[in-house]
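A.B. asks: One letter stands for each residue in the lines below.
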Amino acid sequence: MNAIILSAVWGVVMMYTGIVMKNKSSVKYVAILGVLLLIVANWLEFAGTSFFAIDTKGMLAFGTFGLLFNTVAFVSTLIFFLLSGSDFEQVGKNPADYFALIFFVLCGVAIVSSFQSLLLLFIGIEIISIPLYILAGADKRNLKSNEASLKYFLMGSFSTGLMLMGITLLYGGTGTFYLSGMNLGGVAMTPMVALGIVLMMISMAFKASAAPFHFWTPDVYDGSPTVFTSFMATVVKAAVFIGFIRLFEGGFGKMQTSWQLLAAIITATTLVIGNVTAVFQQSVKRMLAYSSIAQAGFMMLAIFALNNTGKQGLLLYTAAYSLATIGMFAVLIKMKDYTFDGFNGLAKHEPVLAVTSTIFLLSLAGIPLTAGFFSKYFMLVSAMKTGQMFWLVILGIICAAISVYYYFRVIQSMYFKDAEQAPSVEVSSGFKTMLVITAAIVIILGIKPGLLLNLMSI
Amino acid sequence: MFAAFDNFPALLIWLPLIGGLISFFIKDERSVKAWAMLSSLLTLALFAVSLLYTDDKNYILNSVSYVWLPELGSSFSLLLDGMSRILCLLTAIAFPLIFASTYSNSYKKANAFYGLMLLTQCGLMGVFLSVDALVFYFFWELALIPAYFLASQWGGEKRVQAAFKFFIYTFAGSLFLLIGIIYVYLKTPEQSFSLVSFYNVQLSAPEQMWLFWMFFVAFAIKMPIFPFHTWQPDVYEQSPTAVTMVLSGIMVKMGLFAAIRWLLPIFPDAVKHYDNVVIGLAVVGMLYASCIALVQDDLKRLIAYSSIAHIGLMAASLFTINQLSMQGALIQMFNHGVNIIGLWIVVYLIEKQTGIRKISQLGGLAQKAPTLAILLVVIALANIALPLTNAFVGEFMMFAGLYKFSAWYAAAAGLSIILAAIYTLNMVKNVFYGNLNAITAGFKDIVLHERVVLVMIVVMIFIVGVYPEPMFNMIRSASELVIGKFIK
Chain A
1 MNAIILSAVW GVVMMYTGIV MKNKSSVKYV AILGVLLLIV ANWLEFAGTS FFAIDTKGML
61 AFGTFGLLFN TVAFVSTLIF FLLSGSDFEQ VGKNPADYFA LIFFVLCGVA IVSSFQSLLL
121 LFIGIEIISI PLYILAGADK RNLKSNEASL KYFLMGSFST GLMLMGITLL YGGTGTFYLS
181 GMNLGGVAMT PMVALGIVLM MISMAFKASA APFHFWTPDV YDGSPTVFTS FMATVVKAAV
241 FIGFIRLFEG GFGKMQTSWQ LLAAIITATT LVIGNVTAVF QQSVKRMLAY SSIAQAGFMM
301 LAIFALNNTG KQGLLLYTAA YSLATIGMFA VLIKMKDYTF DGFNGLAKHE PVLAVTSTIF
361 LLSLAGIPLT AGFFSKYFML VSAMKTGQMF WLVILGIICA AISVYYYFRV IQSMYFKDAE
421 QAPSVEVSSG FKTMLVITAA IVIILGIKPG LLLNLMSI
Chain B
1 MFAAFDNFPA LLIWLPLIGG LISFFIKDER SVKAWAMLSS LLTLALFAVS LLYTDDKNYI
61 LNSVSYVWLP ELGSSFSLLL DGMSRILCLL TAIAFPLIFA STYSNSYKKA NAFYGLMLLT
121 QCGLMGVFLS VDALVFYFFW ELALIPAYFL ASQWGGEKRV QAAFKFFIYT FAGSLFLLIG
181 IIYVYLKTPE QSFSLVSFYN VQLSAPEQMW LFWMFFVAFA IKMPIFPFHT WQPDVYEQSP
241 TAVTMVLSGI MVKMGLFAAI RWLLPIFPDA VKHYDNVVIG LAVVGMLYAS CIALVQDDLK
301 RLIAYSSIAH IGLMAASLFT INQLSMQGAL IQMFNHGVNI IGLWIVVYLI EKQTGIRKIS
361 QLGGLAQKAP TLAILLVVIA LANIALPLTN AFVGEFMMFA GLYKFSAWYA AAAGLSIILA
421 AIYTLNMVKN VFYGNLNAIT AGFKDIVLHE RVVLVMIVVM IFIVGVYPEP MFNMIRSASE
481 LVIGKFIK
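Sequence lines, in order, name chains A and B.
Numbering of the first sequence is given in our numbering, commencing with residue 1 and proceeding in unit increments.
Numbering of the second sequence is given in our numbering, commencing with residue 1 and proceeding in unit increments.
Next comes chain A alone, as it looks inside the complex (with noise of 0.2 angstroms):
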């Protein structure tokens, strides 16, 4: 509660400080402020102390689960502000708003990582989308950045509908909105509550972009302004993975045999799919696009799996792919060229820039050392604890050697190719310092992953 009550009130602090602060520099310390502030209030409320004694009916749920994943939520939000958060003052005008719509972005995640009721699952992936949709097409001259905003509008309102409509469905089914009350796999299964489970599924998988419901993800990711494609599809990606697993488990965890070969559809084809385009893009922030379905992909797992490895693998996998995702989009924002052609030589003149995506994109591609082989760990065992459908996993790990071919593609830009004029860059050497320390947690979750995950024991 204190997590979703603070961010919402910092939003509003955000757009007060774009009025009173001249200095607009200064405006990024004052979000910073509140996410450092928001970590706190969450974490007191993991250790047992809530500010707030609001009696929501059993509509909200702060589990360990939920609060972990908040942590890390806001923890990559910090870590993007630190990064990224001044070149939201090349996007537009007004970044104290840009700040504010993030804000209002993490309640939305505060709740969608504590529901227990489908309305309140509802209003926050609605309050997730709609600042991003606004984000989306924040840079306003930019003829992609409103075809992206328009195209991410008009399919997130379609699959939003998806989800009212399969509520709608699961409410005439069960007489409750609540997952605790459906008790679902206790009675027969109607039509009326399949066609809800799909039409959920089918929604879900709209807003975590998995295939084939990912076609508008490389076009808004594209043409959106750098910096907000970072957060869109990191924490925000991350969230509606939470959203999806606690809906599932919680709700229909107990008729898992009914819906499992669905999921495993949908895992399979968003593992394929993303990885062989990733393949042939020539833009480094399209292949990030699709690396991103392709990371979803291996995120699916854990769903189809839906036991306690994979939701502990989850919470790891949504930790190490945000914090190597928001520092590969950090460095690639400060690129002048977004091709692969455009990071020729840059081991020679920026080393460390080098060094930190060279470690985020061995964590992307899953070598170990780095958090994300863990996360990739899990989700395979996961899922062949099931003892179903083993072709899963192999296809899994036939697309994880896929993804090595064009994440290292970038590696050899780096380091083997030389430039024809060297790339301008300019950063700053608190940047630097920034993407080490990322680059340090992703080493130290990867070496020691119980760091994160025996918190889930509490």
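These are calculated hints, taken from the structure and not from any lab test.
Relax, there's no trap hidden among the hints.
DMTMM-like, lysine to aspartate or glutamate: derived pairs with alpha carbons at most 20 angstroms apart:
(1) B:K429 <-> B:E351
(2) B:K158 <-> A:D341
(3) A:K385 <-> B:E71
Starting from the structure of chain A, add chain B where the hints point.
C.D. replies: Just chain B, lined up with the frame of chain A:
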């Protein structure tokens, strides 16, 4: 998880790791060379000390297990037993030799080069020492990453593609290995990754059959066994020679070693079932590689194909499940490492002076460089396993075992040894004898530190060739353990 510094296996890993990390920060080329040399010599010295403490009383000094991931059933366990000792010996000896022989070479960004070399050494030590499947997998991959950067940053024109092919091949293979490891891990009653649990796990025959291939593919790519060998000649040719020495001298042994430790004892039924397939592939690969080596004009490619043939023989004899050939293969792993590094050093010395590796363009070097010629002839004779050289001991035992398994395989493999004699002696003849030409006329004999390195290799060739007994003592119990798994 950071193991304390009071036992040999942990130190053998930490020393090169720390040495490598420090190297990155030494900007001066001469200092970093000296530092890398010193670091590798320290590792060798440490290993030499560990040889004084090999008996059972000192078990505690040679094994270590630290809590790493208790929630996953994995611990940071290392063990320096006979089998790992012989390969750690190779790793510890090889790096100082490599550094010394290429001491006069200057690299762009020398600090990164030597740093990555030492990190590779750390990874290799880890592969040989780990007795926990997850730790093993970690090191298996970690040895690959610095090697990939080494092979793509320094070397020939097509190095980037060649090294990338190598990386994709081995990475894909190791992912199958990972799935196999996870499956066996889930089957262990106590959900543990330790080697002991893996050895005791009960797997049905059908399970073993497909798990065998999951493990085998990863190891076969690394060895490499025909038809997984296609990455190898390109990488050997394109990499800088110092890296080629690491790859061919030590890294390919990872596959063979892993087969002995992680494949044969865990899936005995499947090994029995597929022995003909594996030995058949290995023997076909030997003949195929030998035939290609006959027509190679590039010195590096010639040695690369010759290496495929030798590795094929070792792989084949491992799968005969026979005490004699198993011990022969273990000894031969060490010998092959020493011999092939010797050959690479000679190639490096020739290329450094003349700038070419084409056999047809060289000739008459013996007139200009008699010392080099004498030393090369000894190494070349070891490469074709003449008596009194180290390779004779290993190959004789391997052939004996292979013959027991099937005379046909032994005959086919023997043919490849004859071919090896042809192409090796041909190479010696064309490069070192015959007439001088414009390129070779100005060739100078080798200088002192190069001579010292080659003499040391020749001395090792003779010592092991004449008195291999200490080595047998080292590996006997290991091979008995593995064979014991097959006797019910």
